[in-house]
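Enquirer: Now for the letters of each chain:
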Amino acid sequence: MAIITTQNLSKIYNPDTIPVHALRDVSLEFEEGEFTTVRGPSGSGKTTLLNMIGGLDIPSEGHVEIDGTRITGMKDRELINFRLNNIGFVFQAYNLIPVFTAYENVSFIMLLQKREKAEMKERAKELLSAMGLSEKFDSRPKQLSGGEQQRVAVARALASRPKFILADEPTANLDTDSAMNLLDMMEKMNKDENVTFIFSTHDQRVIDRARRVITMVDGAIHKDERKSPPSKGESELSE
Amino acid sequence: MLLSISWRNIWRHPARSGVLMMAIIAGLWAGILVTALTNGWIHQRFVNLIQEEITHVQIHHPEFLTEREPWMYIESSDEIFSTLSRDQRVLSWSARTLSDAMIQSPLTSSGVQVRGVQTDKERATTTFHENLTGGDYLDIDLRNPVLLGERLAEKLNVEIGNRIVLTFQDLNNEITSGSFTISGLFRTASNPYDERNVFVRTEDLQALLGGGEVYHEIAMMLQDEELSNAVAMDLNSEFEHIAAETWYELSPELRYITDAGGSLIVYIMAVILLALAFGILNTMLMAIFERMRELGMLLAIGMSKLRVFVMIMLESVILTFTGAAGGLLLAWLTLGYLGEKGIDMTAMGGDSMAEFGYDAVVYPIAYTNDYIMTIILVVITALLAAIYPAIKALRLNPGEVVRE
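These protein sequence lines map, in sequence, to chains F and R. Using the working numbering, read the first sequence as starting at 78 and increasing by one per residue. Using the working numbering, read the second sequence as starting at 191 and increasing by one per residue.
Read the hints as simulated data drawn from the structure, not as lab findings. Hints may be right or wrong, so weigh each one.
[As the list claims (entries may be wrong)] DSSO-like, lysine-lysine: derived pairs with alpha carbons at most 30 Å apart:
(1) R:K495 to F:K219
(2) R:K582 to F:K219
(3) F:K152 to R:K495
(4) F:K240 to R:K495
(5) F:K152 to R:K582
Hey, can you work out the whole structure from these sequences and the hints?
Expert: Dropping the structure here:
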């Protein structure tokens, strides 16, 4: 059964002045455990699609269903609560809270969920360790490298035990080593814990790792390819 | 959680928050100091007038204060004295014989008000005797002693031991006069008062008025100033042909300064708080504009708008409250020192203040209510000033700002 369904999604910005068609009639389904990349040139609608799926933007037409729940048309408060408990976000610019330590950044989302303190502590430590940051619990974002910050952001996204994670250009600000390291971590989470990842990117390193690649052009689905995951050796050769 | 994040957010820019806190500290310190100075002025003038002369309640013939005729004395004064002596609310009382007169020295003459006082009772009721700057009080063994204000003595070119002549109208409307010896000089906080009033023994004045024991004024101090209205009402209902009035009715000046003083303090605080509000607004707006992406992220990952709103309001309140606490502490310490030492206003024209009856050395007073009111007003200001930035944060579209 599809975990995410988009039905005839369209988005038109400035409909009354100079209309911009950011999305045109996009219908997609995403299964649980997918490792999917949405690719395309700038302005092709990748981020708009992710924002619609994540409930951060409202479609002009069509709707989004997550695990059988239609989020299009939900009230603001319901939608925020839905995001908190069902969707994980990873942003290009990491967007960590600068005044919090790595541990506090990961715990914060569980605090919002009102989880038990002990569970929160255990989960945050487990995730940060899995991301190779066991020595960095008490470091603030300023004291971490870009790659480390993004790994904290992934740990934060995973902390709330979401149904899926939306990662918008997660490797765009990272050097190759950090990007590969991050992708390894996310792939491991995907395989070991069956976490669903959907990326928006034009980074070939991410596209190579994906098992499904959706190509967008001018707001519409141009191609939707499924492939078997490349071996690590192939991935390195392609670079 | 929100408290912790708000506190840490304040210290992202220690210099910026520090400057605002210093502004709050300086503003509140100045505000409370000016308030305390005003309180001190009012209190000192109040105490001077009440304790030295007016007292809490006075009794007169109903028309004496407007007509000031010698024959408008208080009838049945003995019965009133008995009542006052029995009334537990009355701390002390003193009867006075009053007359408008002309004072003459060998050099010049001047119009004065002669106040005939019962020496022992007046000493127990008012603190006027503490204003004596030279010579002796009226209980000296001397025939017809008189106390003159220093300014009047200077004007008449007389000194202690000299004689002056007082001429006035007696109870039969005849002009009479008596020779008095200056036994002492006094100086109050009010120069005009010192020039217009002379003090004699009531029995000396009564002898010249020719009507036996007549009194034009009975002044009383009560256990508590707040009893004034009740005591005056009781006396008015018990005795006919008298007018018992409280200090509030007797002294338009005191009425004005106690009423207007409160308004002045409100205006001072309003100006300070307005400046404070713009400072907070500016700082909070800068903080919001800087953190657009972060706030968008918080909304995106599932922090409710209410929590974001509360977080920003808390930042404003904590920031302001920390500054306010510093300002209040500094004001408290300053007032602890100045409250005892006083502020000598002589160099700033303090002498001319005496022309209006105010002391040159002011002892600032801040009441607990002033501190409490200040804290409440500061918190309200901080909340009001933070509303606009907080609303601005809530209007963010997380999808847009996280990508910027």
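Enquirer: Could you grab the alpha-carbon distance between R:K495 and F:K219 and see if it respects the 30 Å cut-off?
Expert: holds (27 Å)
Enquirer: For the pair supplied as a hint, F:K152 and R:K582, confirm whether the alpha-carbon distance does not exceed 30 Å.
Expert: OK: F:K152 and R:K582 at ~20 Å, within 30 Å.
Enquirer: Is the Cα-Cα distance between F:K152 and R:K495 30 Å or less?
Expert: holds (12 Å)
Enquirer: Starting from F:K240, check that the Cα of R:K495 is at most 30 Å away, please.
Expert: holds (23 Å)
Enquirer: Would you mind confirming whether the straight-line C-alpha gap from R:K582 to F:K219 stays at or under 30 Å?
Expert: Given that 30 Å is the threshold and the Cα spacing comes to 27 Å, the pair holds.
In the structure shown, no violation is registered for any of the earlier numbered hints.
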